[in-house]
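Could you slot chain B onto chain A? The hints should help.
Protein sequences, first through last, are from chains A and B.
Per the numbering used here, residue 1 is the first one in the first sequence, and the count goes up by one each step.
Per the numbering used here, residue 112 is the first one in the second sequence, and the count goes up by one each step.
Calculated directly from the structure, the hints in this document are not laboratory data.
Errors might be hidden in some of the hints.
What the hints assert, rightly or not - Coverage of chain A stretches by chain B, computed from C-beta distances (three or more under 8 Å per stretch; other residues unrestricted):
| id | segment |
| --- | --- |
| 1 | 42 to 48 |
| 2 | 53 to 61 |
Stated by the list, open to error - Below, a sample of chain B positions facing chain A; criterion: calculated Cβ distance under 7 Å:
| id | residue |
| --- | --- |
| 3 | A429 |
| 4 | P458 |
| 5 | L676 |
| 6 | A722 |
| 7 | D723 |
| 8 | L744 |
| 9 | M751 |
| 10 | V754 |
| 11 | E755 |
Every residue, glycine too, gets a C-beta built ideally from N, C-alpha and C.
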Amino acid sequence: MASFTFTTEVAAGRAIIRTRGYLSRAAGEQLEQEIVRLLGGGVSRFIVNLHDTDLINSVGISILIGVIERVRGQGGDLAFSELTPVNEEIFRIMGLQRHARMLRSDAEAEA
Amino acid sequence: MAEPGGEFPGVLEPERFFGRIEELGLLRRQARSLLRGLGRSGVLCGRPGSGKTELLRQWHKTLFREGEILPFWYPLRHSLFEQATAGGDLVAALALQALAFKKRAPGLLDRPLHPVELAGALRTAWGDGGVLLAEALAGLEQRPGGPEALVRAALVPHRFAALTGTRVLCLFDDAGNLDAATGEGLWPEEALASSIAPLLATLEDENLVPRTFGQASASRLTLERLAPLSIEAASRLARSLARIGGLELGELAVAALVEESAGSPYYLGALVRALAGEPGTGTLDVARAAAAAACDGELARYWIELFARAMPDRRTRAVALEILIFCLREESGSLDAGRLAALMLKPAADIESALAGLTRAGVVRVGFASVVVDGDPVLRDVVQALYRREFGRMSPAAVVASLASEKVRGAPALRRRRWRESARVALRGMFCAWAGQRVPADCFDAAAFRERRDAAADGAVDEMTLPRVISVAAGRIGEAVSLPGLEVDALVWALRGEAGAPEADVAWVVRFLPGGSGGCEQLAQFERDISALQMAGELPATRVVRWAILESPLDGAGELAAARLRLSTSAWPQLASLAQLLGVAPVPPPPGPLAAAEPDFEIELVIPRAADVELVAARALEQLAENLAIDALATGRLKMAVVEACINAFEHAGAADGRVRLVFSVRGSRLLMRVENRGRPLASLPPRAAAGREARGRGWGLTLIRELVDEVALEPREDGVSLVMVKHLGGGEHG
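Chain A extracted, bound-state conformation (with noise of 0.2 Å):
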């Protein structure tokens, strides 16, 4: 039904990935399989840039809590950048916010 997609681009020890289309359960599972699999290659530091996802729902961004506990675990980092009004307004309903930066840019994660 609904296309979901993303991108990676590792650098320096970091991944961005870009997400695009609705994050729903299965979605929320692509990336989780997908950080999983950078956590397996070194990779520690993640942004997940949302600002091409216009809608998420509440099952996504429980996996998305599961993801941000499992990098931390392991001494990583986990930010969001490029949220749409409307999603970081529910990240703060859910308290993500207190475990995972919510960046306007993915340069802010430099600051």
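Then chain B, alone, in the frame of chain A:
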């Protein structure tokens, strides 16, 4: 190309004349007089759809081909939006057409030349006449716009004709688009009296002739009326044309075609061509009638074959059809490329392939930032049928789009668009009555007007003299200038003179602003847009009056902002007062928010259990929200709420097929979103989420919903449960 005079063409070919024997005779007589140096200007009148434009267009092609008279074609509807450069545009059009005519190269008309190249080619082709055109063009480019430039430009065809000894026929289409001031500027008396470069203009109503050309000039014009074909003649023509195209039309189809064509042989020909399988013209009603007469199959077959040739890959064709559905939902037939991508939710590569295919098929044009569907209104009506025919089902996007657009006709956003169009017309009438009138200065200062009204003061009021209006344009000037997307409601050129000083031209730029809580930002945006136009050279750096017409009063901050930005502002009572002083029809007030008496409407959607199917519901709601003018942030929240409600409903659905029914409806000023499933009811709603509470696992759905909508309730039913969510449409939360 057929010789003029034949009643019906031998083959279906758009360049040929269809009927109009008498009118053709008149045009021939005018041409013969012109060749003898006795040309006379005239007006071709006929109601919309009667074929004036097509007749003029065909006549242009005929004259161009014959090579004795230089036909100068200038469609005035475009010049409406570019008054700032109208003079230069007119001469540029003449220069290019003169060059193409001389070189017998119609292809030049579609290929803009660099000014230097054009000037050189004109000199070579036309000698002194070419020099005249090149110099006129350069002069107008250096001093563009304004009434003087327009008059100078209007005389160029006559000077060119006199200098070169060439007969020129000015074929100006849609003269009714111009007000009297602009009409007189374009056709000063000496121009209308020209016997070597007369004018043939089209106009919808002969009563508009004096208003359009000025009382004095109107007497110099001959008047020809273009009558529609009789029903009998049109029926005969439809059958003849259809037979030529290999079609046998039933009575129902003939009647539908004749009615749709309104007696215009050209439109009728185009409709028949469409039915015969050529890209032509048509409408929903005709498509339906044609379907009833078993012609639909022909039409669909044509399009399917066309798409198959341009896009052999089936997946690409599916994406292409969805693109068309989304674009054709828009009145303009065009869509911003970014928004299209957001709506489609398809990989960019798929969208690009489909756009390339559609471009090859000649169906769309892809601009820098937009996708435009070209031409064929039939496409609007057959595209979803095509999808069903080829893919055996409607696409989710098509379901959503068709449901939303069908069900919410008459919704506020649509009503507002219609109001805006009528308000622009009334505003134009007001401007036409401006010359020399004295009115209270606070007609253009909302704060001062409010203070005077609040104080009920009867004392002396500062007055101002309204300028003499030269031209009025209304609409999206951004389409004509270099900054697309800038919308103004009117652009007016006027002459303003201080006592004892010469008059100077001044531009009034008008925009209707919704006001309310967003007033300050809208004022600032207006100011930024005007500055951008000035920076781009589309408006002079000075001599621009920015007039914001406020649909609801500004608050104190808004009034301060308007004063700081030096904007003229008028709220509706001022506008009504101004209209009364001028003795013209008032500009209709804007439609209010949804009234209780507004007829309710609703969208019903039943979705099966499938991965991510809730997205269909979200997109349907998005379409509805757009029609209700709900802002993007609020729409995003509602979509999220509906997605969560669907997920919950599927989780609790007990029926074997697990289907969920959604009903979106408007009741008064409330948008209701009902999500129903069959299964066990939920016990109760959870409390609102505590701020910062951590999320783990599932169970957040209803909590989120409560945060995202204004009201939420669970309604148990015998066979399941309904979750009802409410969004209040009043106040500043939407629009």
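For each hint, the structure was consulted:
1. Here the segment 42 to 48 of chain A counts 0 residues with a CB under 8 Å from a CB of chain B, which misses the bar of 3, and the coverage is violated.
2. Only when three residues or more bring their CB closer than 8 Å to a CB of chain B does the claim for the segment 53 to 61 of chain A stand; here the count is 7, and the claim holds.
3. Checking A429 (chain B) against chain A by beta carbon gives a least distance of about 12 Å; that is not within 7 Å, so the hint is violated.
4. Taking 7 Å as the C-beta contact cut-off toward chain A, the hint placing P458 (chain B) at the interface holds, the least distance being around 6 Å.
5. A distance limit of 7 Å between C-beta atoms decides the matter here; for L676 (chain B) the minimum to chain A is near 27 Å, and the interface restraint is violated.
6. The interface hint given for A722 (chain B) is met, as the beta carbon of that residue sits about 6 Å from the closest beta carbon of chain A, less than 7 Å.
7. For D723 (chain B), the suggested interface contact is upheld, since its CB lies about 4 Å from the closest CB of chain A, less than 7 Å.
8. The criterion of a C-beta within 7 Å of any C-beta in chain A is met by L744 (chain B), whose closest approach is roughly 5 Å, and the hint holds.
9. Taking 7 Å as the C-beta contact cut-off toward chain A, the hint placing M751 (chain B) at the interface holds, the least distance being around 6 Å.
10. With its C-beta approaching chain A no nearer than about 5 Å, V754 (chain B) sits inside the 7 Å limit, and its interface hint holds.
11. Checking E755 (chain B) against chain A: minimum C-beta separation of about 6 Å stays under 7 Å; hint holds.
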